[in-house]
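Residues in the sequence shown are numbered consecutively from 27, following the numbering used here.
Derived by calculation from the structure, the hints in this document are not laboratory data.
Keep in mind that the hints are not guaranteed to be accurate.
In silico DSS-like links for lysine-lysine, alpha-carbon gap of 30 Å or less [claimed, not checked]:
(1) Lys-527 with Lys-451
(2) Lys-577 with Lys-446
(3) Lys-577 with Lys-527
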Amino acid sequence: NEFVGSGLSTRMGVGVLEPATADYYSVTLTAGESVTIAAVGSDEVALYDPMGVALAVGVPAENLDAVIDQFIAPTDGTYYASVAGTMTGDYSLTVVKNAAFDTEPNDDLGTAQDIGGTEGALGWVSGGAGPISTETEPNDDGIVNNGMSPDDKALANDWSGSFLPTGGDQYEAYLTGALQPDADEDFFRLFASPGDRLVVAMNGIDPAPIGDTVLELYNNSGILIAYNDDYNGLYSLIDFTFGGPDSDYAGDFYLMARSYAHGYSGDYELHATLETPTPIFAGDEDWFTFAVNEGDPITIKTTTPAGGASEFVNLLDPYIELYDPNGVLVASDDNSAADGRNAVIHQRAVVPGYYTVRVTTSPLAPESVGEYFLARSTGIPEDWAEQNDSFVDAFDLGTPEGTNEYVGLTMDDSANEAVKEDWFKFWLPRQGMPGDEVRIDFTHALGDLDMALYDAIGTRVSGSTSVLDFEAISLQGLSAGWYYVNVYGYHGATNPDYRMKIRLSGGGPIPEDWAEENDSADEAYDLRQLEGHGNVFSGLTMDDSLDEAVKEDWFVFETVGQGVSGDQARIDFRHALGDLDMALYDASQAL
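Make a model of the complete structure from these sequences and hints.
Here you go:
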């Protein structure tokens with residue numbers, strides 16, 4: 027209906043509350059549906075059944091004046107919400123069906139909000155401070171305290187939004203500053219967790235390099251936890267790993283930059299590297315929890331409602347993490363949804379229990395603020411091509427041209443998917459040429475998929491079965507006509523997400539291969555763990571597409587033991603068609 031739901035964000039009512047009066051709203055529910063009613067500006071909210079009998083009353087929350095959380099409708103009918111109370115003035119009422127509403131406090135693992143029995147949660151998060159390139163005065167109390175005073179802490183420049191990812195678990199930040207003679211000290215706030223490592227250097231820079239520097243690191247109680255004077259000549263460097271007696275918490279820490287004995291003035295630079303698997307940014311974040319059975323598929327994804335014509339502005343770039351029942355991080359995602367902005371996680375529960383999701387802002391957009399809908403499921407939904415479970419029900423993809431990608435496909439576990447098969451058909455407009463192929467990409471660990479190709483009368487043409495994260499079938503040499511693609515789960519396997527490509531090269535430029543985009547070390551295609559001497563990967567090209575400005579392909583693999591005589595990585599090609607070379611790097615990318 028028109029009320030808030032998955033992908034929507036609409037207030038049910040906006041009004042002015044007057045003394046000794048109540049406003050009423052109606053909402054249609056079916057038996058078993060949940061409803062959450064949240065109000066700001068009114069401290070009395072109630073829900074009534076179709077006969078006018080009171081069923082539930084709201085309670086206060088940190089971010090709401092009153093909320094009725096996840097009430098389950100006992101019967102079909104029209105229900106009524108009343109808004110009243112001792113408060114007067116403007117109020118806002120929101121109703122969410124079959125979903126939860128972000129109810130604070132839910133800012134950490136211990137206060138995670140239970141969203142079991144719902145399809146997800148509607149919420150709002152804000153990022154921390156934006157990046158800064160130079161210090162801003164005042165960032166100290168102007169008094170030499172031999173430590174950090176409460177005023178020093180309150181005036182500290184927020185440096186947390188300046189830490190940007192540089193690869194792996196590494197985040198770096200830079201800034202410049204200037205110290206005046208006598209009592210000048212510069213304080214900066216950053217965030218860290220136990221196990222994180224911070225390396226920060228303070229050096230003099232032109233035009234007036236400071237003569238002698240000191241760095242001090244404090245916890246949020248003002249206790250000094252690290253100090254350095256002369257690491258690099260007269261310049262300072264702190265290399266500190268959090269988790270000791272005075273740093274065993276996830277939160278804010280404070281860095282002081284000053285001169286030795288407060289006797290020098292001049293310009294300086296701070297360069298910090300933070301090594302952390304889970305960066306923390308100032309601002310609001312939300313945590314949600316739900317129960318899962320062993321072996322259940324888990325799908326978590328965000329959408330960012332509104333932002334369109336005549337809708338409110340929503341610039342949030344969300345980031346999500348999934349934790350197992352022991353509080354161990356098992357997956358995270360930033361921008362892998364189809365829009366390149368939202369986040370998606372597909373996992374399978376290894377152990378039963380309560381899994382927890384953290385929603386925050388992307389480290390690539392730490393200042394972003396806005397609404398999100400967090401959708402969650404422990405089953406695999408049907409995709410947009412259903413019902414296509416047989417040759418005769420094949421989904422018609424028409425006549426592909428160039429590279430055609432079909433995303434959001436699932437091998438679902440619904441009652442309609444008794445046979446774990448998806449069928450598609452397409453028209454091949456001319457004879458298949460080199461580089462023409464049908465391909466599916468998926469995560470093998472979430473369910474092994476295989477693929478077969480049939481002609482128009484149902485004769486099997488080719489197939490692809492492997493234990494990699496893709497299957498591919500060449501169309502080279504095939505006559506024009508209708509072809510049928512059969513994607514099926516190995517031994518009835520399901521999979522929450524796969525995508526299919528049909529690539530027709532056109533016979534001119536050299537097409538991209540199945541491993542693209544893998545044009546840098548950071549994008550290396552994962553061949554996973556290799557054993558034995560029979561690992562052959564064919565159909566590779568050094569293409570001439572616009573995406574291949576740098577003529578490089580990168581691959582990563584893991585060996586099962588120490589290399590012995592005869593072990594090798596090798597490429598075969600025709601030199602006359604283009605000279606290729608090869609290099610091998612270790613895990614630290616050293617040649």
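Hint-by-hint comparison with the structure:
1. Between the alpha carbons of Lys-527 and Lys-451 the distance comes to roughly 13 Å, so the proposed pair stays at or under 30 Å and holds.
2. For a cut-off of 30 Å, the pair hint linking Lys-577 to Lys-446 is broken: about 40 Å separates their Cα positions.
3. Between the alpha carbons of Lys-577 and Lys-527 the distance comes to roughly 23 Å, so the proposed pair stays at or under 30 Å and holds.
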